[in-house]
Amino acid sequence: MSRAQIFASPDEAVSVVKNGDTVLVGGFGFAGMPFDLIDALIRHGAGDLTIVSNNAGNGDVGLAALLKAGRVRKILCSFPRQVDSYVFDDLYRRGEIELEVVPQGNLAERMRAAGAGIGAFYCPTGVGTPLAEGKETRTIDGRDYVLEYPIKGDVALISAHTADTMGNLVYRKTARNFGPVMATAATTTVVQVSSIVEAGRIDPEVVVTPSIYVDRVVQVEPRHYTVQGAR
Amino acid sequence: MPLDPDQLAARVAQDIEPGSFVNLGIGQPTKVADHLPAEIGVVLHTENGMLGMGPAAVGDEVDPELTNAGKVPVTELPGAAYFHHADSFAMMRGGHLDVCVLGAFQVSASGDLANWDTGAPGSIPAVGGAMDLAIGAKRVYVMMTLFARNGGPKLVPACTYPLTGVGCVSRVYTDHAVFEIAPDGVRVLEVFGTSVEELRTRLAVPLAVDVR
Chain R
1047 MSRAQIFASP DEAVSVVKNG DTVLVGGFGF AGMPFDLIDA LIRHGAGDLT
1097 IVSNNAGNGD VGLAALLKAG RVRKILCSFP RQVDSYVFDD LYRRGEIELE
1147 VVPQGNLAER MRAAGAGIGA FYCPTGVGTP LAEGKETRTI DGRDYVLEYP
1197 IKGDVALISA HTADTMGNLV YRKTARNFGP VMATAATTTV VQVSSIVEAG
1247 RIDPEVVVTP SIYVDRVVQV EPRHYTVQGA R
Chain W
-8 MPLDPDQLAA RVAQDIEPGS FVNLGIGQPT KVADHLPAEI GVVLHTENGM
42 LGMGPAAVGD EVDPELTNAG KVPVTELPGA AYFHHADSFA MMRGGHLDVC
92 VLGAFQVSAS GDLANWDTGA PGSIPAVGGA MDLAIGAKRV YVMMTLFARN
142 GGPKLVPACT YPLTGVGCVS RVYTDHAVFE IAPDGVRVLE VFGTSVEELR
192 TRLAVPLAVD VR
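Protein sequences appear in the order of chains R and W. My numbering applies: residue 1047 is where the first sequence begins, and numbers increase by one. My numbering applies: residue -8 is where the second sequence begins, and numbers increase by one.
The shape of chain R in the complex, shown without the other chains (with noise of 0.2 Å):
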């Protein structure tokens, strides 16, 4: 897909993704969370899902709502357990979740892999721990590392601040998080913002996500949450 394309709701945004799709879910917490395209994948009702997401959910909206709507088989994330993962608690018990604990660095550097055209790569992340097992290993220049291959998406949805009628996103404050290497690591990037703005009202040396890696963007009232009970 070339340019990037300005949906009028977050249903027609999300309408790309097919059961069975691994999708890259971005945020960290809540900060970053695109909820107004996961509510519209609930609606869409594509199911089968493999999620890539630093978390599994916080409270019961976001990706917990998708969770607890039975769309997810798998997902691959840095740290489920968190004061609030009731839904995902639950599921994993119930052994009705596959779940994947990727050290969030490796979870980083895997999407960025792919969205760069690096078929593996060698990360000192995780040698001699239970997360690099039957992962081949190499000494190189004396130091041991662990081969990690990349996390590719179908889709990524994400959320930025403001993007602009080319795609062009810039981000706020510590959302930006995992948004930035979605983008470039899925097949259609999906992104929603709290505003579009003509092309050239962002600043070119500003821009954090070049269009190129935009395909579909679609404009929400902005929401928040903060974690209750965080440490």
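Simulated from the structure, these hints should not be mistaken for laboratory data. Please note: incorrect hints may appear among the correct ones.
Where chain W lies over chain R, by a calculated footprint (3+ residues, C-beta under 8 Å) [what the hints assert, rightly or not]:
no., segment
1, 1150 to 1162
2, 1173 to 1185
Between beta-carbon pairs, the in silico distance windows are [what the hints assert, rightly or not]:
no., chain 1, residue 1, chain 2, residue 2, range
3, R, Arg1119, W, Gly50, 36 to 44 Å
4, R, Arg1119, W, Asn141, 33 to 41 Å
5, R, Arg1089, W, Glu30, 51 to 59 Å
Ideal Cβ positions, reconstructed from N, Cα and C, are used throughout, including at glycine.
Starting from the known structure of chain R, fit chain W onto it as the hints suggest.
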């Protein structure tokens, strides 16, 4: 007297050089920030994409799009910078952080760290950024109680819990003593309300002494 958690946080803070780039793990290590005076210019990194993190946000300062690694709303200091996750972990893995301070279930005499999973039945493993930090920072400081609730030592000959990193810990700050993990073994740098002799009877780890 053994140190209380605030005194321990203050003790760790004493060893952080002015101008350092530092990551404080979630939980107890977060308290170290309260003992780093602004004038020493330590820059705090949070792995969810920020350098120049300020104190926890209160009242109107709370911004749901500005949180720390524990998802707590925080503030930004002048000179702060935001970046995405791959850049944030490149900073860690690439050896650009001077110090990280982490909690631990166990540390071995050779500096292996176990702090992410007890392996207990029914537990849900969650590693977050711990493995990346453990192998990435130039110096890895552990801050923990020396003994578990059941009285068993947490500085051990070999970790029994699943590892976070191998040979990665530089120093262990505990309520009873500060230990340096040196290439030739564990050295006691300082004791609080105990003696090296008493530590030798309670720990199964050979201890050299370098009390200053």
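Hints versus structure:
1. 1150 to 1162: The restraint on the segment 1150 to 1162 of chain R holds, since 8 of its residues have a Cβ under 8 Å from chain W and three suffice.
2. 1173 to 1185: holds (count 5)
3. Arg1119/R - Gly50/W: 36 to 44 Å: Holds, at about 43 Å.
4. Arg1119/R - Asn141/W: 33 to 41 Å: holds (39 Å)
5. Arg1089/R - Glu30/W: 51 to 59 Å: holds (54 Å)
The structure meets every hint from the earlier list without exception.
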